[in-house]
Amino acid sequence: MTQTHVSTIVNGDAVEFLCETDETLLDVLRDRLTLTGSKEGCGSGDCGACSILLDNRLVCSCLVLGVEAQDREIETIEGMASGDELHPLQRKFIEHAALQCGICTPGFLIAAKALLAQNPDPTETEVRYWLAGNLCRCTGYDKIITAVIDAAAEMRGNV
Amino acid sequence: MVQVMLWGSLTSFTEGRTALEIEAANIKELLERLEEHYPGLKPTLEKGVSVSIDGMIYNDAWFQPINPDSEVYLLPRLEGG
Amino acid sequence: MGTHEPAFDVVGTRPLRPDGVEKVTGSAKFGADLTAPGMLVGKILRSSHAHARIRSIDTSKAEALPGVKAVITCKNFDKAKISPAKQNILCNIMAQEKALYDGHAVAAVAAISNQIARKALRLIEVDYEVLAHVTDVEEAMRPSAPVIQDDMFTVGVTPQPTQASNIAKRSEFGHGDVEKGFSQADVIIERQFKTAATHQGYIEPHACLANVTQDGQGELWCCTQGHFMVREVCAELIGMDISKLRVTASEIGGGFGGKTTVFIEPVALVLSREAGRPVKIVMSRDEVFRASGPTSSTSMRVKIGAKNDGIFTACEAELKYQGGAFADSPVQLGAMSAFACYNLENVKTVGYDVATNRPKNVAYRAPGAPMAAYAVESVVAEIADRLGIDQLELRLKNAAREGTKSSYGPVFKRMGLVETLQAAKVHDHYSAPLGPNQGRGVASGFWFNFGGQTCVSLNINVDGTIAIAVGTPDIGGSRASMCLMAAEELGIAYDNVRTIIADTSSLGYNDVTDGSRATFASGLAIINAARDAKAKLCARAAKTWDIPAEAVIWENGCAKPAGANAGNFAPLSLAEIAANAEKTGGPIAGHFEVNAGGAGVSFATHIVDAEVDRETGFVKILRYTVAQDAGKAVHPSYVEGQFQGGAVQGIGWAINEEYIYGEDGKLQNPGFLDYRIPVASDLPMIDTVIVEVPNPGHPYGVRGVGETSIVPPLAAISNAVSAAAGVRLTELPMSPPRVLKALEDSPDR
Numbered sequence: 000m001t002q003t004h005v006s007t008i009v010n011g012d013a014v015e016f017l018c019e020t021d022e023t024l025l026d027v028l029r030d031r032l033t034l035t036g037s038k039e040g041c042g043s044g045d046c047g048a049c050s051i052l053l054d055n056r057l058v059c060s061c062l063v064l065g066v067e068a069q070d071r072e073i074e075t076i077e078g079m080a081s082g083d084e085l086h087p088l089q090r091k092f093i094e095h096a097a098l099q100c101g102i103c104t105p106g107f108l109i110a111a112k113a114l115l116a117q118n119p120d121p122t123e124t125e126v127r128y129w130l131a132g133n134l135c136r137c138t139g140y141d142k143i144i145t146a147v148i149d150a151a152a153e154m155r156g157n158v
Numbered sequence: 000m001v002q003v004m005l006w007g008s009l010t011s012f013t014e015g016r017t018a019l020e021i022e023a024a025n026i027k028e029l030l031e032r033l034e035e036h037y038p039g040l041k042p043t044l045e046k047g048v049s050v051s052i053d054g055m056i057y058n059d060a061w062f063q064p065i066n067p068d069s070e071v072y073l074l075p076r077l078e079g080g
Numbered sequence: 000m001g002t003h004e005p006a007f008d009v010v011g012t013r014p015l016r017p018d019g020v021e022k023v024t025g026s027a028k029f030g031a032d033l034t035a036p037g038m039l040v041g042k043i044l045r046s047s048h049a050h051a052r053i054r055s056i057d058t059s060k061a062e063a064l065p066g067v068k069a070v071i072t073c074k075n076f077d078k079a080k081i082s083p084a085k086q087n088i089l090c091n092i093m094a095q096e097k098a099l100y101d102g103h104a105v106a107a108v109a110a111i112s113n114q115i116a117r118k119a120l121r122l123i124e125v126d127y128e129v130l131a132h133v134t135d136v137e138e139a140m141r142p143s144a145p146v147i148q149d150d151m152f153t154v155g156v157t158p159q160p161t162q163a164s165n166i167a168k169r170s171e172f173g174h175g176d177v178e179k180g181f182s183q184a185d186v187i188i189e190r191q192f193k194t195a196a197t198h199q200g201y202i203e204p205h206a207c208l209a210n211v212t213q214d215g216q217g218e219l220w221c222c223t224q225g226h227f228m229v230r231e232v233c234a235e236l237i238g239m240d241i242s243k244l245r246v247t248a249s250e251i252g253g254g255f256g257g258k259t260t261v262f263i264e265p266v267a268l269v270l271s272r273e274a275g276r277p278v279k280i281v282m283s284r285d286e287v288f289r290a291s292g293p294t295s296s297t298s299m300r301v302k303i304g305a306k307n308d309g310i311f312t313a314c315e316a317e318l319k320y321q322g323g324a325f326a327d328s329p330v331q332l333g334a335m336s337a338f339a340c341y342n343l344e345n346v347k348t349v350g351y352d353v354a355t356n357r358p359k360n361v362a363y364r365a366p367g368a369p370m371a372a373y374a375v376e377s378v379v380a381e382i383a384d385r386l387g388i389d390q391l392e393l394r395l396k397n398a399a400r401e402g403t404k405s406s407y408g409p410v411f412k413r414m415g416l417v418e419t420l421q422a423a424k425v426h427d428h429y430s431a432p433l434g435p436n437q438g439r440g441v442a443s444g445f446w447f448n449f450g451g452q453t454c455v456s457l458n459i460n461v462d463g464t465i466a467i468a469v470g471t472p473d474i475g476g477s478r479a480s481m482c483l484m485a486a487e488e489l490g491i492a493y494d495n496v497r498t499i500i501a502d503t504s505s506l507g508y509n510d511v512t513d514g515s516r517a518t519f520a521s522g523l524a525i526i527n528a529a530r531d532a533k534a535k536l537c538a539r540a541a542k543t544w545d546i547p548a549e550a551v552i553w554e555n556g557c558a559k560p561a562g563a564n565a566g567n568f569a570p571l572s573l574a575e576i577a578a579n580a581e582k583t584g585g586p587i588a589g590h591f592e593v594n595a596g597g598a599g600v601s602f603a604t605h606i607v608d609a610e611v612d613r614e615t616g617f618v619k620i621l622r623y624t625v626a627q628d629a630g631k632a633v634h635p636s637y638v639e640g641q642f643q644g645g646a647v648q649g650i651g652w653a654i655n656e657e658y659i660y661g662e663d664g665k666l667q668n669p670g671f672l673d674y675r676i677p678v679a680s681d682l683p684m685i686d687t688v689i690v691e692v693p694n695p696g697h698p699y700g701v702r703g704v705g706e707t708s709i710v711p712p713l714a715a716i717s718n719a720v721s722a723a724a725g726v727r728l729t730e731l732p733m734s735p736p737r738v739l740k741a742l743e744d745s746p747d748r
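Line by line, the protein sequences are chains A, B and C.
Heads up, the first sequence is in numbering that gives the first Met the number 0, so the first residue is 0 and it goes up one at a time.
Heads up, the second sequence is in numbering that gives the first Met the number 0, so the first residue is 0 and it goes up one at a time.
Heads up, the third sequence is in numbering that gives the first Met the number 0, so the first residue is 0 and it goes up one at a time.
Accuracy of the hints is not assured; some may be wrong.
Claimed, not checked - Under 8 Å between C-beta atoms, here's a sample of chain C residues computed to sit facing chain A: (1) Ile202; (2) Asn436; (3) Ile676.
Honestly, the hints are just simulated from the structure, not real lab data.
Virtual Cβ for every residue (Gly too), placed ideally from N, Cα, C.
Kindly produce the complete structure, drawing on both the sequences and the hints.
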């Protein structure tokens with residue numbers, strides 16, 4: 000078992016790691032880089048709890064291999080707030096009680112951020128379809144949708 | 000004496016009766032007397048039951064008082080999700 | 000509503016939850032998020048046979064693989080020393096003589112990496128003698144069915160059978176004379192129903208990290224609804240003193256009842272003991288579906304008789320629930336709750352608890368009630384249609400109220416079913432127009448709610464802030480409610496209170512967070528612990544002023560002389576008394592321990608609009624409204640969240656979710672792709688109405704709210720779909736093929 004050396008950028012920092020060739024990027028993030036904010040709910044790309052941005056594209060990190068991170072830029076939930084200032088989405092999730100247990104929350108926040116980056120003023124239906132790859136079993140999605148729409152409004156300056 | 004009501008399937012251990020008259024001032028005495036008079040109930044009681052006294056449900060609260068005119072039901076052990 | 004409800008300062012407001020930042024930044028530590036130095040990876044080998052005798056297990060090749068540190072089987076547990084009550088738990092976490100279902104654990108390994116652990120599993124050789132299996136409830140009840148447990152003799156029938164079968168017990172509830180009642184009826188409707196098994200579907204798979212050291216002490220970190228339960232069960236299964244095992248509850252990524260027992264925790268502890276190193280086990284999603292969870296699939300018959308004016312004369316139900324390999328179905332709760340919404344002179348329910356070659360049933364939100372309510376409320380809807388009476392009006396005519404003798408026996412105390420029906424009736428949803436192929440359904444539902452063993456510690460810090468330790472894991476934001484109740488009782492700011500979930504060595508025993516009990520029971524304990532602390536704070540003030548303790552009262556967060564006669568002293572705030580604690584007698588804390596009774600019953604009424612695509616059979620939920628009695632909503636946002644979440648789990652159960660077994664007895668859809676829970680694009684907003692009819696058993700009137708919300712949806716949606724389709728549907732889930740078949744079989748077609 001020869002491990003592969005990988006150089007990448009995670010949340011703005013240059014990072015190097017060794018990993019098995021069959022190891023998922025999610026396992027690398029969690030087990031080798033101690034970034035446990037990304038969660039494994041299914042390991043098959045169905046639940047979205049491991050959502051990250053890879054070169055600004057929304058992906059399930061359980062479906063990406065660690066070795067594929069070479070020379071790429073990764074953003075995880077740990078990189079979403081700037082210092083002690085929460086991202087508007089993070090703040091709105093708390094304000095609207097858009098989380099109950101919180102296990103799906105990191106994935107939803109990353110996915111919502113990706114949505115607002117390309118569509119700053121989504122309709123309720125657009126939000127629902129964009130987030131259809133993220134499973135939440137607690138909330139029934141109602142307050143999540145409200146939080147995303149409210150955060151979008153704030154980010155557009157309409158408050 | 001208090002009247003204690005059983006659920007239907009226990010009647011096979013109580014000569015077909017669903018209402019029993021028992022001398023008991025609290026849940027502990029109630030469960031002890033029931034087992035004494037109707038040994039067939041023992042496995043059910045050991046597995047755990049809930050007791051409803053005047054509409055309030057208790058699990059294993061031995062010293063919960065029972066008034067002579069209290070409405071008392073023996074219920075399967077309640078559990079939630 | 001009512002006259003002497005207390006007025007609240009902070010209870011009923013919507014402050015930010017205290018653990019919000021951790022959860023939105025990814026720093027909250029869930030079950031799989033902890034590591035330990037020298038940690039090994041634990042993995043479990045599972046049977047791929049639905050039913051098989053285990054002739055032998057050869058672990059020698061796995062043990063010889065470099066990097067493998069321990070391999071265990073049932074031989075590593077001392078079955079003879081386990082109490083009868085826990086035998087089934089043991090047999091479920093590690094198969095004994097037989098593998099009883101596809102996914103049943105048969106062996107486990109601990110190794111230095113994932114890769115090696117997986118390889119080791121492949122090297123374990125199990126010699127199976129494959130046996131005939133049964134997974135359907137009706138088939139399992141037939142005399143010709145393969146018997147799963149050789150010592151299962153039906154309880155509750157006279158005389159008790161001497162031949163083993165898959166029927167574990169028969170239970171009967173009710174009162175009056177249903178035959179007489181049916182003879183008085185003008186209309187009688189009787190129907191058969193079936194529902195598929197569903198899984199709680201929590202997004203976080205079971206995970207734990209165990210460490211047993213050479214001195215025989217153990218530590219366990221795990222995601223659970225009850226870490227004290229985990230400690231006691233594990234201690235017994237692995238033969239350890241309870242005091243030597245310390246269990247810490249991680250943050251928990253959903254439970255819904257599914258995390259009220261143990262699966263991997265005793266296995267990880269034994270692996271760690273054998274290997275002498277920490278062991279982490281994390282279930283895959285496939286394992287979660289095949290080996291944890293599900294609730295019953297059912298077959299049910301319901302018969303209701305009514306007079307022409309709508310008054311029910313008799314109600315009868317026969318419920319058959321399969322409870323997996325150990326017959327743990329919640330059929331008794333289903334039978335007790337089936338007709339709880341109605342005031343009935345004649346009612347009878349019979350339940351059968353049946354074993355099948357499926358995973359051991361575990362509680363799922365209001366266990367047993369949603370299926371029974373589905374069958375009952377479907378027939379109620381048909382009665383209303385037959386008699387031409389409005390759906391809500393018919394339910395109001397027959398509704399149980401305070402003083403009604405419930406269908407399970409006891410007379411109801413103050414409760415809010417009628418209020419939820421009235422709230423539904425005046426809601427604009429109920430009178431909104433419908434389009435073609437659309438239908439509206441309503442249904443009511445009931446749940447008991449529980450209290451149970453609860454213990455809290457409330458410490459006053461020197462700066463006047465409060466640290467509360469509770470023992471009920473926070474699954475849905477309950478910490479916020481705990482802080483609110485403490486702030487209310489002490490008269491201080493919400494932000495000055497912090498609540499943590501204490502580990503098992505830091506606090507007395509607490510029952511599992513189930514039965515919608517956390518906010519009710521831990522809340523009740525916090526209020527009483529705060530009252531205990533206030534008495535002590537008043538005593539310190541009294542000493543300071545040198546007046547009798549009885550002459551001091553607590554008001555608006557301060558100790559004050561009770562009146563002019565007590566003396567003229569400026570009030571002392573909580574912070575001022577706390578600052579002097581060392582000088583006035585030492586630390587100040589409030590405590591309360593209780594086996595809480597008094598959990599008030601809970602009722603809800605749901606309205607739903609659905610649209611049926613007549614070409615594909617696809618069902619779309621268009622609009623949904625929940626009205627539920629919360630007693631007193633401590634934090635209304637999280638109460639709404641419980642209403643919405645339960646409703647949506649119900650939507651999944653009604654139209655999508657289903658355990659599908661093949662002819663070979665294997666689960667065919669153990670993943671989120673094929674076991675499809677609702678996603679955001681399937682759903683509308685879920686409107687909520689919080690009804691508040693105070694629970695007389697709680698100082699603030701609080702009722703549990705977590706479970707009732709999943710009881711009405713199955714029926715409400717089936718009623719809506721049936722109205723839209725123009726034909727009565729009697730089987731769940733109402734997946735497109737089933738709806739299409741119902742449309743094709745309909746006589747109107």
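Taking the hints in turn, this is what the structure says about them:
1. Ile202: 4 Å, holds
2. Asn436: 20 Å, violated
3. Ile676: 6 Å, holds
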